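Participant: Work out the full structure: start from the sequences and follow the hints.
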Amino acid sequence: MSKELKVIEIPVGPQHPALHEPIQLKIWVYGEEVVDVKVVAGFNHRGVEWLAERKTWFQNVFMCSRVCGICNTVHGTTCSQCFEDLGNVEVPPRAKYLRVLVNELERIHSHMIILAIMAEAIGFDSLFMLMMRDRERVMYLKELVTGNRVLADYVTIGGVRRDVSKETCDKILKYIDFIEERMKFYKKIWGEDPIVRKRLVDTGRATASQALSHCFVGPMLRGSGVKSDVRRDYPYAAYDEVPFNVITYREGDSWARMMVRVDEIFESINMVRYVIEHLPSGPILPKVVPRKLPAGEGFSKSEAPRGELVYHAISKGGMKPYRLKIRTPSFTNIHNGAFLIKGAHVADVPVIFTSFDPCIACTERVKIIDAKTGKVRIMPFNKLSKLKKL
Amino acid sequence: MSEEKEYPSLKEFFKNIGLEVREVKPRRYQLFVDPDKLPDVVKKLIDAYDGQVYLSTIAAVDFIDEKVFELNYDMSVIPLRCVLILKTRVPRDKPKAPSLVSVLPGARPHEAEVYDLLGIEFEGNPYLEKPFLLPKELANEYPLRKDWKGPGKP
Amino acid sequence: MSILRLLRWGTTRSPWLLHFNTGGCNGCDIEVLAAITPLYDPERLGVKLTPSPRHADILIVTGVVTKKVAERLKRIYDQIPEPKVVIAVGTCAISGGVFRGSYSHAHGVDKVIPVDVYVPGCTPRPDMIIKGIVEAVRILNEKARKIEQEAPVR
Numbered sequence: 000m001s002k003e004l005k006v007i008e009i010p011v012g013p014q015h016p017a018l019h020e021p022i023q024l025k026i027w028v029y030g031e032e033v034v035d036v037k038v039v040a041g042f043n044h045r046g047v048e049w050l051a052e053r054k055t056w057f058q059n060v061f062m063c064s065r066v067c068g069i070c071n072t073v074h075g076t077t078c079s080q081c082f083e084d085l086g087n088v089e090v091p092p093r094a095k096y097l098r099v100l101v102n103e104l105e106r107i108h109s110h111m112i113i114l115a116i117m118a119e120a121i122g123f124d125s126l127f128m129l130m131m132r133d134r135e136r137v138m139y140l141k142e143l144v145t146g147n148r149v150l151a152d153y154v155t156i157g158g159v160r161r162d163v164s165k166e167t168c169d170k171i172l173k174y175i176d177f178i179e180e181r182m183k184f185y186k187k188i189w190g191e192d193p194i195v196r197k198r199l200v201d202t203g204r205a206t207a208s209q210a211l212s213h214c215f216v217g218p219m220l221r222g223s224g225v226k227s228d229v230r231r232d233y234p235y236a237a238y239d240e241v242p243f244n245v246i247t248y249r250e251g252d253s254w255a256r257m258m259v260r261v262d263e264i265f266e267s268i269n270m271v272r273y274v275i276e277h278l279p280s281g282p283i284l285p286k287v288v289p290r291k292l293p294a295g296e297g298f299s300k301s302e303a304p305r306g307e308l309v310y311h312a313i314s315k316g317g318m319k320p321y322r323l324k325i326r327t328p329s330f331t332n333i334h335n336g337a338f339l340i341k342g343a344h345v346a347d348v349p350v351i352f353t354s355f356d357p358c359i360a361c362t363e364r365v366k367i368i369d370a371k372t373g374k375v376r377i378m379p380f381n382k383l384s385k386l387k388k389l
Numbered sequence: 000m001s002e003e004k005e006y007p008s009l010k011e012f013f014k015n016i017g018l019e020v021r022e023v024k025p026r027r028y029q030l031f032v033d034p035d036k037l038p039d040v041v042k043k044l045i046d047a048y049d050g051q052v053y054l055s056t057i058a059a060v061d062f063i064d065e066k067v068f069e070l071n072y073d074m075s076v077i078p079l080r081c082v083l084i085l086k087t088r089v090p091r092d093k094p095k096a097p098s099l100v101s102v103l104p105g106a107r108p109h110e111a112e113v114y115d116l117l118g119i120e121f122e123g124n125p126y127l128e129k130p131f132l133l134p135k136e137l138a139n140e141y142p143l144r145k146d147w148k149g150p151g152k153p
Numbered sequence: 000m001s002i003l004r005l006l007r008w009g010t011t012r013s014p015w016l017l018h019f020n021t022g023g024c025n026g027c028d029i030e031v032l033a034a035i036t037p038l039y040d041p042e043r044l045g046v047k048l049t050p051s052p053r054h055a056d057i058l059i060v061t062g063v064v065t066k067k068v069a070e071r072l073k074r075i076y077d078q079i080p081e082p083k084v085v086i087a088v089g090t091c092a093i094s095g096g097v098f099r100g101s102y103s104h105a106h107g108v109d110k111v112i113p114v115d116v117y118v119p120g121c122t123p124r125p126d127m128i129i130k131g132i133v134e135a136v137r138i139l140n141e142k143a144r145k146i147e148q149e150a151p152v153r
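Residue numbers (numbering that gives the first Met the number 0), protein chains in the order written: chain A, 0 to 389; chain B, 0 to 153; chain C, 0 to 153.
One or more of the hints may lead you astray.
[Unchecked claim] Here are the computed lysine-lysine pairs in the PhoX-like style, where the Cα-Cα straight-line distance is at most 20 Å:
#, chain 1, residue 1, chain 2, residue 2
1, A, 54, B, 145
2, B, 129, B, 148
3, C, 130, C, 47
4, A, 315, B, 86
5, C, 73, C, 110
6, A, 197, A, 186
7, B, 66, A, 315
8, B, 145, A, 319
9, B, 135, A, 37
10, A, 291, A, 319
11, B, 43, B, 86
12, B, 10, B, 42
13, A, 315, A, 54
14, B, 135, C, 73
15, B, 95, B, 36
16, A, 54, B, 148
17, A, 173, A, 183
18, B, 10, B, 24
19, A, 341, A, 25
20, B, 86, B, 14
21, B, 66, B, 148
22, B, 135, C, 110
23, B, 86, B, 66
24, A, 25, B, 129
25, B, 10, B, 86
26, B, 148, A, 319
27, B, 43, B, 10
28, B, 36, B, 10
29, B, 129, B, 95
30, B, 42, B, 86
31, B, 86, B, 36
32, B, 135, A, 25
33, A, 319, A, 54
34, B, 129, A, 37
35, B, 4, A, 226
36, B, 93, B, 129
37, B, 145, B, 93
38, A, 315, B, 145
In short, the hints are calculated from the structure, not lab data.
Here the structure is a predicted model, which means the values were calculated and not measured.
Facilitator: Laid out in structure tokens, this is it:
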């Protein structure tokens with residue numbers, strides 16, 4: 000049977016403001032099926048590593064928090080840990096526990112936002128609105144602890160900048176119970192609803208050996224059955240004392256990756272409770288924090304909501320680093336994961352791409368190049384996801 | 000990939016292939032390798048640990064005083080729960096290194112980024128292109144080299 | 000009632016927004032997204048998000064304008080029909096913010112397209128963004144009235 004070629008018409012432009020990291024996907028289609036994919040990146044290249052060589056150590060902690068706004072406390076934590084590793088600075092135990100608290104709150108809000116965006120991408124608008132409304136409680140908790148909703152600037156070299164009071168701890172425990180109740184309701188929808196399952200199951204399947212040889216990280220790796228988590232394997236801050244489980248699912252498709260995130264929210268809620276109940280007393284900063292760091296090499300890894308985050312710093316002594324290398328998880332996941340889109344239908348492209356959690360759901364534009372006629376059409380993402388009729 | 004299988008420690012594995020690895024900090028190992036031997040060492044590492052090895056990043060540094068580029072391959076070995084940093088050096092006037100894409104396909108974007116920002120060519124990688132991340136005006140420039148004078152003014 | 004008066008009533012009673020990220024950290028984007036959720040509820044003001052520039056009245060720009068994206072920003076601005084208003088949200092969109100001095104941007108949105116409303120902050124709260132939208136609607140009303148008065152046919 001000959002395939003009927005469809006050339007799809009769409010206006011140019013950024014799609015639903017639900018997060019954008021402007022990135023371009025070029026897809027070659029044969030009818031409805033995708034034959035080849037190319038990722039064009041660089042719209043977001045701000046020259047952070049070049050700027051880092053020209054700013055002092057403390058200025059760098061502020062700038063590196065702004066590499067990603069959604070997981071900014073994790074960037075701040077890793078950057079501080081890298082410089083502490085270089086300068087052999089000791090962090091007091093109370094500061095370590097507070098760093099874990101803020102990182103886990105970050106993980107909860109980040110996973111909730113990508114679940115909401117996935118709901119939007121498959122057309123389930125009311126779930127999107129409900130999850131965003133419940134996420135506002137987490138932003139309120141972040142504001143209580145750090146002073147700002149999104150960009151916390153909470154972690155610094157040697158410790159943290161603000162302490163938590165007894166009233167804040169009580170409020171956190173009260174709101175966390177509410178969020179857990181709501182998440183039980185959402186877990187039933189993501190796990191059992193037939194429409195959600197029909198859109199997500201069997202799209203973008205990756206086996207465990209493919210995931211490892213293509214160097215996936217984070218929930219993408221754990222969704223294919225590989226048990227690897229930086230918090231367990233290379234513990235930092237207080238993660239060697241706080242108990243938690245590493246979540247894996249065997250299926251390797253988009254549904255498995257989203258379910259890993261749903262279950263990780265429950266683990267994070269338990270970790271927040273443990274931290275609040277076992278918070279040690281003491282100072283939050285050491286007595287002396289050096290302004291100049293010695294020559295050497297600093298390395299630090301952590302588990303951001305999207306995967307493994309690596310900071311590698313080289314210093315020749317003095318006020319500024321000689322070289323700072325930052326590897327964000329989305330860089331690896333997006334470029335190496337693009338091959339999963341081959342063989343899928345055009346309407347599955349936003350679903351698969353959103354399941355990578357591309358630090359904010361995706362592309363400004365998708366270029367569709369029809370293989371036979373060579374015609375090029377451009378389409379925003381939310382129009383793409385509405386193509387498939389159930 | 001069973002978790003009960005016994006894997007050799009990194010010191011034993013490297014002793015078997017004739018190299019010596021140092022533990023610089025708890026669970027962080029470091030080793031200097033010649034650039035030509037690198038793909039071979041990585042292939043043996045992947046086979047010894049059943050593929051449970053991945054590359055985190057390639058951190059490339061320009062040591063302009065010593066006239067070398069140093070490449071740090073940050074790798075992670077999952078069954079041993081440790082980090083291995085493989086270091087190589089290539090001369091600054093002939094920046095060529097062998098590519099790992101045939102052994103570990105996930106190294107592709109990291110090599111493309113190093114090629115774009117520092118100009119080190121990875122032989123055997125067909126996906127290198129300029130510009131990858133940089134804007135079109137800087138297509139022939141290498142911003143992370145220490146002797147680059149660019150339009151930025153922080 | 001003339002047709003232009005009707006159009007002005009329509010656009011100012013229900014302005015449609017278009018959001019474009021020009022390469023920022025996404026902090027301002029999630030605050031723009033939070034500003035359309037039930038807690039702040041701008042739909043009671045008639046505000047709706049649209050994916051296409053041809054249907055929009057207000058353009059919200061976030062992020063540092065990188066050189067690669069500046070050309071697309073100009074193209075999108077040209078595609079929005081008159082009367083239109085541009086809001087620059089966040090310190091990065093106004094002046095480059097913390098990344099000031101890098102080689103890969105045109106610092107600030109107003110170096111590429113004319114801006115009417117500035118909302119500073121890193122990141123600004125959703126309430127401030129809604130205040131910016133209300134201010135933009137007022138400016139939109141004035142622009143629409145000017146078009147109506149200068150029209151040759153009523």
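Participant: Compare the structure with each hint and give your call.
Facilitator: Here's how the hints hold up against the structure:
no., hint, verdict
1, A:54 / B:145, "15 Å, holds"
2, B:129 / B:148, "19 Å, holds"
3, C:130 / C:47, "15 Å, holds"
4, A:315 / B:86, "18 Å, holds"
5, C:73 / C:110, "11 Å, holds"
6, A:197 / A:186, "16 Å, holds"
7, B:66 / A:315, "16 Å, holds"
8, B:145 / A:319, "14 Å, holds"
9, B:135 / A:37, "18 Å, holds"
10, A:291 / A:319, "8 Å, holds"
11, B:43 / B:86, "17 Å, holds"
12, B:10 / B:42, "17 Å, holds"
13, A:315 / A:54, "14 Å, holds"
14, B:135 / C:73, "17 Å, holds"
15, B:95 / B:36, "14 Å, holds"
16, A:54 / B:148, "17 Å, holds"
17, A:173 / A:183, "16 Å, holds"
18, B:10 / B:24, "14 Å, holds"
19, A:341 / A:25, "12 Å, holds"
20, B:86 / B:14, "17 Å, holds"
21, B:66 / B:148, "18 Å, holds"
22, B:135 / C:110, "19 Å, holds"
23, B:86 / B:66, "16 Å, holds"
24, A:25 / B:129, "17 Å, holds"
25, B:10 / B:86, "16 Å, holds"
26, B:148 / A:319, "18 Å, holds"
27, B:43 / B:10, "14 Å, holds"
28, B:36 / B:10, "18 Å, holds"
29, B:129 / B:95, "16 Å, holds"
30, B:42 / B:86, "16 Å, holds"
31, B:86 / B:36, "12 Å, holds"
32, B:135 / A:25, "18 Å, holds"
33, A:319 / A:54, "6 Å, holds"
34, B:129 / A:37, "15 Å, holds"
35, B:4 / A:226, "15 Å, holds"
36, B:93 / B:129, "18 Å, holds"
37, B:145 / B:93, "16 Å, holds"
38, A:315 / B:145, "14 Å, holds"
Checked against the numbered hints above, the structure violates none of them.
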